[in-house]
Every structure is written in C-alpha cells, then in structure tokens.
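Trainee: Listed below are the residues making up each chain.
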Amino acid sequence: MNDNVLISVKDLKKHYKPRKNKKYTDGVTKIRALDGINLDIHKGEVVVVIGPSGSGKSTLLRSLNLLEYPTSGQIIFEGLDITAPHAKINKHRRKMGMVFQHFNLFPNMTILKNLTIAPMKLLKKSKKEAEEKAMALLERVGLADRAQAYPSQLSGGQKQRIAIVRSLCMEPDVMLFDEPTSALDPEMVGEVLDVMKELANEGMTMVVVTHEMGFAKEVGDRVVFMADGVIVEEGTPQEIFTNPQSDRLKDFLAKVIV
Amino acid sequence: MAEWFEQIKAEFDLNFIQADRWKSMLTGLENTLLITLFAAIIGIIIGIIVAAVRTTYDNNSESMKYNGSISYYILKFFNAICKIYLTIIRGTPVVVQLLIIYFIIFATSTNDIMVATFAFGINSGAYVAEIFRGGIMSIDVGQFEAGRAMGFNYIQTMIYVIIPQAFKNVLPTLLNEFIALLKETSVAGYVGVLDLTRAGNAIRGVTFSAFMPLIAVALIYLAIVMLLTWLVGIVERRLRKNER
Ligand SMILES: Nc1ncnc2c1ncn2[C@@H]1O[C@H](COP(=O)(O)OP(=O)(O)O)[C@@H](O)[C@H]1O
Ligand SMILES: [Mg+2]
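In the order they appear, the protein sequences are chains Z and L. If you use my numbering, the first sequence corresponds to residues 1 to 258, in order. If you use my numbering, the second sequence corresponds to residues 1 to 244, in order.
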C-alpha cells in the first residue's frame, strides 16, 4: 500500500506575516494559511481540492513543489523528504508539472520555444528530440498549427492547453493545477477540462484546485474540502457531494451548486 | 548687410581657423565621446553586478534562510555594500564625486581622462543598476514561478526567462541614461580634462569672444543628443513591433 504513495504531506503548516495594508488583519500576528495538513497522494490518483477563497488551497498546492516554503511539517515526494535543508529541489520540480491560473507562458518565445526550452536545458534533450515530443503533444491537443505563434496571439483556452503541454514536455510524475479554468471565458473552460480529463484517463497523477464541481465529480478519485487552512472533510466525490458531514461543507456546497 | 557678414566671418576666423583652434575643439569632442563610451561600459558592468546582488538578495533570502545556507550572510553583506554605494552616489553631485575621485582616490594618477572616465562610470553604475533592477521587478512574478516550477534554478530562470524580457523593457531607458551621461561629462573640465566644453571655453579665454565658441559647443552637444534620441526612437519602435 505505502509504496503506492507518490506524495505524502505530514502536518504541514504555513504561516504568513499579515500583509501590512490589510485592514481586517489588524491585531492578527500571523495568518495560518495551512494549519496542519496531512494528505497522501497515490500514484495515478486524481485529487481535487475544493474550498472557499482564502482557505489555503493555493498555498497547499504551491507548497508541494516548494514555491512556498513551509513553516513546519514535511513533504515526502517519491520517498524523499523535499522539505529537508539542502534537498535537491530543482531536480524534484522537474517531475512535478504545474499549471497556473494565469498560464504564465513566456511571452517573448514562440509556442514551440515555450515547450522545448526546459527539456533542452534541463533534460539535455536535443532540439530535434524536444521538438518532436512537443509537436506530438501539440497534435494531441489540436494546436500543432500554432507552434510558431506567440502566446499573445492565442485565446485563453489555447494558452492554458499550451501551458499543460509545456508541463507535459518535461514528462512529470505528477501534475499540479491551480484553478486552471478560473481566468477563462466560460466558452473556453470545456476545452481545457477535456485535456485534463484525457490526462487523468491515461493515468496521470493529478492534484487539481478548482471550482468546477462537475469536473470534481466526474474525474476526481478523491475530493478534499479545505477551510481555514485545514482539511475539513475528504472522500470520494460520491461521499463529498451527496453525503457531506460537516456544516462548513454543506454551506459551501449550497453556495457553489445552484 | 555685407559689413555684418564680414564681421561674422572675421569672428569665425578668429575663433576656429586661426592657430588651428578648431583642432582643440575636435580633440575635446573626441575626449567627450571617449569618456562617455567607456563610462557607459563601466556603468553597465557595475550596474549588472549591483542589480544582480540586490535582486538575488530580494528574491532568495527566504529560501536561503530556510536552507540555513552560509551564503545568505555573504549575500546580505554584499547587499548592504551595494545599498551604501547607491545611497552615496545618488545622494551627492557628480562634480563632487569627480573631484573626490580625482584629488583623493586617484591623487597620484597622471591620466586625467582615465580617472574622469572611472568617475563617470562609477556614477552611472548606480543609475544603471536601478534601471536594471526596476526592469527585473517589472516582470510578472508568474514568469519567475513558471520557470522555477519547471525546474530551472534561480540563475537559469533569470537568464532564460526574466532578463530577456526585462532587457527589452529597459533598453530605451538605458539609452536615455547614456544620453544624460554624455551631457554630464561636460563637468570633466573641473579636473583639467580637455573635453568639448572645456575646449570651447578655452578658446573663449584666448579670443575674448564668447558667442562663437560657446554656441558651437552647445550646437555640437545638441546635434549628438538629437542623433542619439532619434536612434532610441528607432529602437523603441523596433521593440514595440516585436512585442506581440
Ligand atoms: N504571500 C502571502 N502573504 C500573506 N498572506 C498570504 C500570502 N499568500 C496567501 N496568503 C493568505 O493565506 C490565506 C490562504 O491563501 P490561499 O492559499 O491563496 O487561499 P485559496 O487559494 O484557497 O484562495 C489567505 O488568507 C491569504 O490571504
Ligand atoms: Mg487560490
């Protein structure tokens, strides 16, 4: 059972100093963005993280690849404690793809360059090899004809599909998604979710922060509900959506599902 | 009318032709351009180093502290030095800096032009450093995170992702800084360097005719500045066209 665990989060805490200009934090000395998270993510599993805004979803996801440094606790990735001092974090990050709400494509590079720069510089792939891989993946998301375009020439949905492909070009063991469809016009949400669905069907391990409850129900193996920096409830989509236990989750579902 | 023309001609003759005075103006112009060029190069080198230290410190102090790395303290030290440098250079007049460097730091040197070049380079470095730092800070933090998330280390992210974008943003500002530098070198005469301004002024001192040499000096500066400004405009348009 245990060797099936890809990422293990142990009593993870992240405290921020309050931002000075925020009125509502008057008198608060620290913000407990994460306040003791325990979570195992198994190989091939799709974990969907839901919860109200400010509950710590992004902080959790960004802690998994150490874009945020935890205040305390551990993250074990493929058997190694990546939170240990002097852990080879740049090596670990290559195996963890990340997709951002605002795509973060490199605007000064063509799409093809966006996709090949990391494999060439970090995995030491030849240009030809990297481009073949990139073109094959572009083909699969239906954007092969945009290889020579620049990011600003694409629609939001296209940008996000490219961002997913950019991560896939590094052949990661897990993909982290932070609200990948929240910045999109409604008509473009579907095309991005379709790519993610396909990825899930192929057995990719995924951690997805999203407000798309339909996606959570259909694709999620497990749904994690967070509030105030802790995991309030977790279970199968069935359990979470049809049989919520806590009042917080019931409240939350009542608000998001119309 | 003819009389007036004759008078102008005589003035011109006196100030530029007699005793080959135009040659000293030419030497002055050469020195001005030389000082500006090499001061700009020194400024860029200092600017890169200072901006690198400052931004590396700003971006990595958290992770370095987290790793308990000794390099954190080394970097903190150099960051403090850079801040002192920036404060002093930007807080005092360039003429005062020039005098201090010439009469105190390089008091034994005989190469006036070189010392002046150093002084202007050290001065320009502070402004260039802040231009570079501003350019790097103007890049969306998401770009940085995307680079790091893919597995690039800090320096790789800077080199492959951030700096190419930042450089495009700051190039016009940087060129304008060097146009300002060109004009600032006109105080080089304070330490005896024969630059364009001093050459013109020296002619005035000999011929006791102020109008021609000083206006000539002004027109030469103006012509160079207009030429450079025109070039900056071309660069700016080029950059905007590429930015799609
Ligand atoms: N860099 C930061 N500095 C201070 N507070 C922060 C920072 N990032 C996030 N927070 C705070 O931490 C809490 C959790 O934020 P976040 O993880 O972004 O929530 P979510 O993604 O669920 O909306 C919020 O109260 C937020 O204001
Ligand atoms: Mg968030």
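In short, the hints are calculated from the structure, not lab data. Note that the coordinates shown come from a computational prediction; the quantities given were computed from them, not determined experimentally. Just to be clear, a hint being listed does not mean it is correct.
[Claimed, not checked] The calculated label-pair distances, taken between Cβ atoms and stated as ranges, are:
no., chain 1, residue 1, chain 2, residue 2, range
1, Z, N38, L, I70, 29 to 37 Å
2, Z, K30, L, Y73, 35 to 43 Å
3, Z, K255, L, T173, 41 to 49 Å
4, Z, D185, L, L219, 51 to 59 Å
5, Z, A183, L, I41, 38 to 46 Å
Glycine included, each C-beta is placed from N, C-alpha and C at the ideal position.
Trainee: Now tell me if each hint is right for this structure.
Mentor: Structure-based check of all given hints:
1. Distance hint for N38 (chain Z) and I70 (chain L): a CB-CB separation of about 33 Å, consistent with the stated range 29 to 37 Å.
2. Taking the beta carbon of each, K30 (chain Z) and Y73 (chain L) are about 25 Å apart, not inside 35 to 43 Å as hinted.
3. In this structure the hint that K255 (chain Z) and T173 (chain L) lie 41 to 49 Å apart at CB holds, the actual value being about 48 Å.
4. The beta-carbon spacing between D185 (chain Z) and L219 (chain L), approximately 58 Å, falls within the hinted interval of 51 to 59 Å.
5. The hinted range of 38 to 46 Å is satisfied by A183 (chain Z) and I41 (chain L), whose Cβ atoms lie roughly 43 Å apart.
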